[in-house]
Structures are given as C-alpha cells and as structure tokens.
Amino acid sequence: MAKLEYDSTGRLLFTEEMRREYTILIPQMLPVHFGFFAKLLERTGYKVAILNNDSRAVVDAGLKYVHNDACYPALLVIGQMIDAVQNSGYDPHKVALLITQTGGGCRASNYIHMLRKALEKAGLDYIPVLSLSFGMEKNPGFHWSVGLIRRLIYGMMYGDLIMNVANQVRPYEVNAGDTTARVEFWTSELLNRFGQGQGMSRKQMRRILDEICQDFKAIPVAGDPKVRVGVVGEIYIKFSSLGNNHLEQFLLDEGAEPVVPGLTDFLIFKIYNRISDVEMFGGSLGKYALCKFFMGYVQKCQLDMIASLKRAGFRAPGTFEELHAFVGGYLNDGCKMGEGWLLTAEMLELIHSGTPNIVCAQPFGCLPNHIVGKGMIRVLKDDFPDSNIVAIDYDPGATKINQENRIKLMLANAKELAESAKQAEQTAPETAQERTPVPV
1 MAKLEYDSTG RLLFTEEMRR EYTILIPQML PVHFGFFAKL LERTGYKVAI LNNDSRAVVD
61 AGLKYVHNDA CYPALLVIGQ MIDAVQNSGY DPHKVALLIT QTGGGCRASN YIHMLRKALE
121 KAGLDYIPVL SLSFGMEKNP GFHWSVGLIR RLIYGMMYGD LIMNVANQVR PYEVNAGDTT
181 ARVEFWTSEL LNRFGQGQGM SRKQMRRILD EICQDFKAIP VAGDPKVRVG VVGEIYIKFS
241 SLGNNHLEQF LLDEGAEPVV PGLTDFLIFK IYNRISDVEM FGGSLGKYAL CKFFMGYVQK
301 CQLDMIASLK RAGFRAPGTF EELHAFVGGY LNDGCKMGEG WLLTAEMLEL IHSGTPNIVC
361 AQPFGCLPNH IVGKGMIRVL KDDFPDSNIV AIDYDPGATK INQENRIKLM LANAKELAES
421 AKQAEQTAPE TAQERTPVPV
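At position 153 of the sequence shown the residue is numbered 153 (our numbering), and the sequence of numbers has no breaks.
It should be emphasised that the hints constitute simulated quantities derived from the structure, not laboratory data.
It should be emphasised that the depicted structure is a prediction, and the values quoted were computed from it without experimental measurement.
Ideal Cβ positions, reconstructed from N, Cα and C, are used throughout, including at glycine.
You may find that some hints are simply not true.
As the list claims (entries may be wrong) - Each pair of labels, with its calculated beta carbon distance range:
| id | residue 1 | residue 2 | range |
| --- | --- | --- | --- |
| 1 | Leu148 | Gly354 | 34 to 44 angstroms |
| 2 | His352 | Tyr297 | 21 to 31 angstroms |
| 3 | Glu120 | Arg56 | 19 to 29 angstroms |
| 4 | Glu184 | Thr44 | 36 to 46 angstroms |
| 5 | Tyr172 | Met280 | 41 to 51 angstroms |
| 6 | Gln423 | Ser55 | 42 to 52 angstroms |
| 7 | Asp382 | Thr44 | 42 to 52 angstroms |
| 8 | His93 | Val379 | 47 to 57 angstroms |
| 9 | Met280 | Asp224 | 20 to 30 angstroms |
Construct the entire structure; sequences and hints are all you get.
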C-alpha cells in the first residue's frame, strides 16, 4: 500500500507511487467526451475509470454527506463518487477522486473542499482528491503536459462533433438504432486509434472529423423537419443525463430534435475570462499572452470541426467570436460567474439560427444561472416575440413529472407556432394576390 503523504497544510497528496497503483475515478457528465478523456489519460500513464452509477443511491449518498445548502450538481457529483467507492467494488485504499475546480465565483470552486469534507464524514478521508485545474493545487503524481492538453482538446472536438451529428440524424433515422450504433462504433474506433497513436495531431484530427461526418451522413433518414429544441443551462445539468433526468431522450420521445451546444465554447469562455480580467483590471502580461495563445489554438481546432460539419452538409455552430457578438447590448464581459454571459449568448445563437424553442436547465438556487438564464428570458421574449423558452429547475425534491409537464407545455406551444408559420407561408401568395389593386 502506498505511503500517505501530506503537504504543509495537512492536505493529502497524490504521489508518484499512487499514480502507478491507484485508479482515478471521474464522475460522468458527457459519455462520449469523457470516454475519450479517460483513454488519453491512460496513454499518459494513469489508471482511470469513468463512473456510470446513476441510481437513486447516488442522490441519497449526496444528501447524506453534502450540506443541504450545496447546489444539485455538487450533491450528484460527490454522491456518485462516494456511492461508487462504497458500492461498486473498488478497493477504497487503491482509488483517487478527480474533480474540476474552476476558481470562479460559483460554488463549484468549493466542490473539492466539500468532497474532502464528505469523505471525512464517510470515514474515507484516506482517499486522495485531485483538483483538475490550472495551478490551484499541485500533486507530485498528477500534472499537466503540453502534449496531454493538446490531445484532450482533440478529444473534445471529436466528442462535440459526434454529439452534433448524432442529434441531427437520430430524430430522422429510418432504421431505429442506426445512429446509436454509429456513435458506439466511432467511440470504440477512436479509442482504438488513440491506443495506436492515431488522431493525435491536428492534421489527423481534420481527416478523422471528415470521416465521422461522412459516415453519419450515410445513415438513411426520412420525415418532415421536427421541432428543434435547444438545451442550455448550468454545464453539469445541461449535459448530464443523471442531472437532467435524461432530458435529451425525453425530447426525442416527444418527437423533437434536441440541439445541444458543445463543450468547446465553454472551455474557450473560461480561457477568455482570464484574458478579459487582465484587460479590465490589469495583471500578468505573461499570463495574458499564454491565455491568448491557448485560446487561439482551441479556436483553430473549433474552426476545423465547423468546416467538417459544413462540408458534409450538417448544420454547424458559429464561432466563439460570433457567439460573443450576440450578447452585445445584453451583458458585458464582467458577467462571468458560473456560465456568465455565455448562457445568454447560447440562447441568442439558438434563436438566430432557427431554434427559438429552448429549455434552460438549471439547479435550483444556482444564483448565476438565475440571473443569466431565467433572468434574461423576459428580455429575450420582448426582443424576439417568437422565442419559446422555459426554465426548468432540478434538485432532489423536484418531481420528474412536473419537469416533463412544463417541457410538454413548451413543446405544444412550439408545435402551434410552427403550424401557424406554415399556414402563413401557404396563404402568403393568396393574400398578396388579394391585395393587388384591380383596375377600374
């Protein structure tokens, strides 16, 4: 068993010896993306497992070990980790827990401390906790490298592209299950290629993105266009099926086409915030230059993904600059807590791109999202009367049936608006002819 080591503050460290012996457990949020991230971490020498336990036991563990003032994502993430350690067959003396830490004004910055407190309460305080952040905490057995960061960016592009094309094809597939089968194939295929060292350069990534698009484009589809419904909100609740009660599947079952903005814009948004901090308040020019370079590289990769989607005839998202431009006149760069101005910008992008029907999924009591999400809906409705936005709160006490009924009401309104627009198009020529002056 690895010897436990602590820093000067008493924090348990993840050592090089632990790196060789321990399995790092990561909570689930995006199955395709996180599968890629795990494989890429394994190629760097870590043992990694993505947690997929999603029963009521996860919520119960969170309620038991997390303060009830914490937001729902904290409760789920910490509950999933503790439930996995206690009930999923892992040796608790051979695991470490990895959790993101943004350092922003959201309560998410305290998740790592809340997790350590929960482990202590559960009698598991000998389990090391790793902060997935840039410099906030350091561990001798876990560190970033330029190569690893670059490969993780590629993994994010593959994940965003697969999510994008799958959502555009699945609602219209002739043979049920074709899209899911292609998602599973490409997830497995890319993991195999990663293992062979392929897909690890930008040139290889561009070629593979085109391959994926062409493969999904070949899936037989049919049927009239369905009502498109955008999904925005707090990042965990927006993406995690555990957090949003399988929202995407519910929309599919209701005959809608889900439109979910990817993870890439959120990463660029977080980097951009470091740049705007220096521009607004001053700071390290070295940090400013490094962040500018990093953001520029991610944006170039995003352009590669957008180009592949367009070449294959898929609907593609806009660039980060275009997304940022949408929010002008609504919110400024100083509004950055939680999802900040990005959430409002995503709603505006959806409205402008022909998806005015939007579910804003947020944890109950999430102050940033109540301001930039729910708080902006009235303004957007005033400026865009045809926008059809519903805010849905998620927490341990919220009933699934109430959430689904509110979404059904939004969908009924969306279908009514779509039918009205269709009738208006059909009667437009007749109306024009009726209004033509008749010579006397």
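Cross-check of the supplied hints:
1. Leu148 with Gly354: 34 to 44 angstroms: With Cβ atoms ~38 angstroms apart, the hint holds.
2. His352 with Tyr297: 21 to 31 angstroms: This hint holds: roughly 27 angstroms between Cβ atoms.
3. Glu120 with Arg56: 19 to 29 angstroms: holds, 24 angstroms
4. Glu184 with Thr44: 36 to 46 angstroms: violated, 25 angstroms
5. Tyr172 with Met280: 41 to 51 angstroms: With a Cβ separation near 45 angstroms, Tyr172 and Met280 satisfy 41 to 51 angstroms, so the hint holds.
6. Gln423 with Ser55: 42 to 52 angstroms: Once the Cβ atoms are compared, 47 angstroms apart, the range 42 to 52 angstroms for Ser55 and Gln423 holds.
7. Asp382 with Thr44: 42 to 52 angstroms: holds, 50 angstroms
8. His93 with Val379: 47 to 57 angstroms: holds, 53 angstroms
9. Met280 with Asp224: 20 to 30 angstroms: violated, 48 angstroms
The earlier numbered hints that this structure contradicts are 4, 9.
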